[in-house]
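Listed below, chain by chain, are the residues.
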Amino acid sequence: MISLAGRDILHSFGKFVFTGFGLGLLIGVTLVMAGVYRGMVDDGKALLDNSGADLWVVQKDTLGPYAEPSSLADDAYRSLLAMPGVARVANITYLTMQVRRQGRDVRAMVVGIAPGESWASPGWPPYLVAGRHLTRGHYEAVADLASGFRIGDEMEIRRHRFRVVGLTRRMVSSSGDPMLFIPLKDAQEAQFLKDNDAIWRGRRRTAGNPTFNRPGDAGVLAAVNDAQSSSNSVNAVLVQLAPGVDAESVAATIRRWQRYTVHTRTQMEEILVGKLIATSARQIGLFLAILAVVSAAIVAFIIYTLTMDKIREIAVLKLIGTRNRTIAAMILQQALALGAIGFAVGRITATWAGPMFPKYVLLVPADSVIGFFAVMAICALASVVAIRMALQVDPAEAIGG
Amino acid sequence: MGGTGIRIEGLRKRYGSGDTAVDALKGVDMHVAPGEVVGLIGPSGSGKSTLLKCLGAVIDPTAGRMTLGDEVIYDDGWRVRDLRALRRDKIGFVFQAPYLIPFLDVTDNVALLPMLAGVPNAEARDRARELLAALDVGHRARAQPSQLSGGEQQRVAIARGLVNRPPVILADEPTAPLDSERAMAVVHILNEMARRYETAIIVVTHDEKIIPTFKRIYQIRDGVTHEQVAKSSPVAAVALAQHAPSNGVLPGSVSGSPR
Ligand SMILES: Nc1ncnc2c1ncn2[C@@H]1O[C@H](COP(=O)(O)OP(=O)(O)OP(=O)(O)O)[C@@H](O)[C@H]1O
Ligand SMILES: [Mg+2]
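Chains as they are written, first to last, in the numbering used here: chain H, 1 to 401; chain R, 1 to 259.
Each hint should be verified, as a subset may be incorrect.
What the hints assert, rightly or not - Just a few of them, taken from the derived set where beta-carbon distance is under 8 Å, the chain H residues facing chain R:
(1) D8
(2) V224
(3) T305
(4) M308
(5) I311
(6) R312
(7) G321
(8) R323
(9) M389
(10) L391
(11) Q392
(12) P395
Said to hold, decoys possible - Stretch by stretch, here's where chain H covers chain R in the computed footprint (C-beta under 8 Å, at least three residues):
(13) 7 to 16
(14) 31 to 40
(15) 63 to 73
(16) 83 to 95
Don't read these hints as lab results, they were simulated from the structure.
From the three backbone atoms N, C-alpha and C, an ideal C-beta is built for every residue, glycine too.
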């Protein structure tokens, strides 16, 4: 027996390839969408991995520092360092903002790290692709490659200019923005300090308050103003544990004695994947569902028209004794062939187009496998209408009136 | 096969029911011996196509009896279980339009039938090629149907009707789209095939040119058949002889004996 489906495909090859190509672009978009989701999860994991932390100590009852704002006193780390099982701690600030780069804005996550500690400190970029780490206490930066900065470039954060001394890669926030590492003091200033006008107004206010501005006691006013214009907050303290220590038990101790909220690595992952990108994930899920329906409709429509064009031949095939099974198989095989062409084109498109997307697109082989079977299932389903129609064709039609 | 060819007794067909019922066949009697070609004529709406459809097992008659060869296929109800296999193995169809499968080449259009019956591809194609050669389209065996002339397509369609060596061939206006020369050639081929393979052939036709070539004609009027024995027309016999395929009598290359 010859393959009727194969012969028909060869006969209308152009139509087939053209349709398969269109379907392929749709499948490509679908795969990229899935890749965007995988990329978001991967960004989140990279953020956690690269921070090098085992525990995140944050303001009480917050999901900080990535999913919610959190602020702690910057001397909290001292008591944390004293806890049993804790090897290293580091203050850290995170602030997502627009950074000026040669007159243009780059969206970036500015990370304040305390310099002068060992390179393996939590929060530090674990490796550099060029340049050096921060060594001075002020006005130096290490930038992620994706930010577009190169060594020697200058950036403007709030009122200050920073010079890029090192470059790193794959250091991104949970929303995919590249990270810029600057010294903690500068970061605190950027995040918590008021501008000059605000300071000036604040001073006038304090000066107008008789409690602070007592005649004959000028020292009080100066002290209050000083306190108001210096910053001693950080967003979180990252904790690295000694080897072999159980993270959850240390976390429990800190929660109990220090009254902070402490997230372990597992909890952080749950927060990032389960909460922070949950809405995006649902959004992408809905898109995937719509794309699946659209692809199904396209395949169904094409297979239906291809079958409609062959009604007469199908009647003849039936008249001369072709089994229904053979005719159904012919249509099904055509739908599957269309799906296979579409999938191949889609996979190639996705691989090629993925890196052109501004956010990280991670094409997971498992997704491709699932995608392939989903496409095949959709095509099989879409051929049902055409198969039903073909089976209803009356062989008597071939004889005519 | 031998036996009786086609025998139809008291065949009735009613379309629909109640007030809108149409009695298309009201007791048709007909007999075609093996090796015989008979004409079936009648005015429009008289029931010719209905009769072919009943005989071709694509619609159900209402009552009566039909015998193919030694086998009673219908006796107030089908007596064969697999009507599809019956159509495939026992009945060849030739239509007014060739209705070739556009995505198969000429050989495979013909070879498809034996393939459907389980004959290996190579053997089925050999059979198809022999028959195509016998019908004088052997040189077009690898062409696509769309590349053939109308007459060539019709000959391929006839080859398809013959390839399984069915004991019965039903032809519905097979010459309608052809000019008189080609029409005569087709009739000649049908006569040759009938003689060679002991096939019983019924040709439905309106075609004045070919009517004189039948030795026996059934006329159907208002769903009832009337048999006429044609006064053998010398003109027609001469015409037929003139329109034999170019290679004269069908070549002996058509091998195998009728089943
Ligand atoms: N499916 C059907 N349902 C109802 N009536 C039908 C159906 N098919 C045919 N008829 C009727 O049965 C009668 C015979 O029709 P049939 O098609 O057999 O005629 P015919 O001899 O082939 O005519 P023509 O030469 O025009 O092809 C006609 O009156 C027709 O209207
Ligand atoms: Mg008719």
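Checked hints:
1. D8: This interface hint holds because 4 Å falls under the 8 Å limit.
2. V224: violated, 91 Å
3. T305: violated, 15 Å
4. M308: Cβ of H:M308 sits 14 Å from chain R, so the hint is violated.
5. I311: Cβ of H:I311 sits 11 Å from chain R, so the hint is violated.
6. R312: Holds: closest Cβ of chain R sits about 6 Å from H:R312, inside 8 Å.
7. G321: holds, 3 Å
8. R323: Cβ of H:R323 sits 7 Å from chain R, so the hint holds.
9. M389: This interface hint is violated because 18 Å lies over the 8 Å limit.
10. L391: violated, 13 Å
11. Q392: violated, 14 Å
12. P395: holds, 5 Å
13. 7 to 16: The restraint on the stretch 7 to 16 of chain R is violated, since only 0 of its residues have a Cβ under 8 Å from chain H and three are required.
14. 31 to 40: Violated, because only 0 residues of the stretch 31 to 40 of chain R bring their Cβ atoms closer than 8 Å to Cβ atoms of chain H.
15. 63 to 73: Violated - the stretch 63 to 73 of chain R has 0 residues with a Cβ nearer than 8 Å to chain H, which falls short of three.
16. 83 to 95: It holds, with 7 qualifying residues against the three required.
Consistency with the previously given hints fails for numbers 2, 3, 4, 5, 9, 10, 11, 13, 14 and 15, ordered from lowest to highest.
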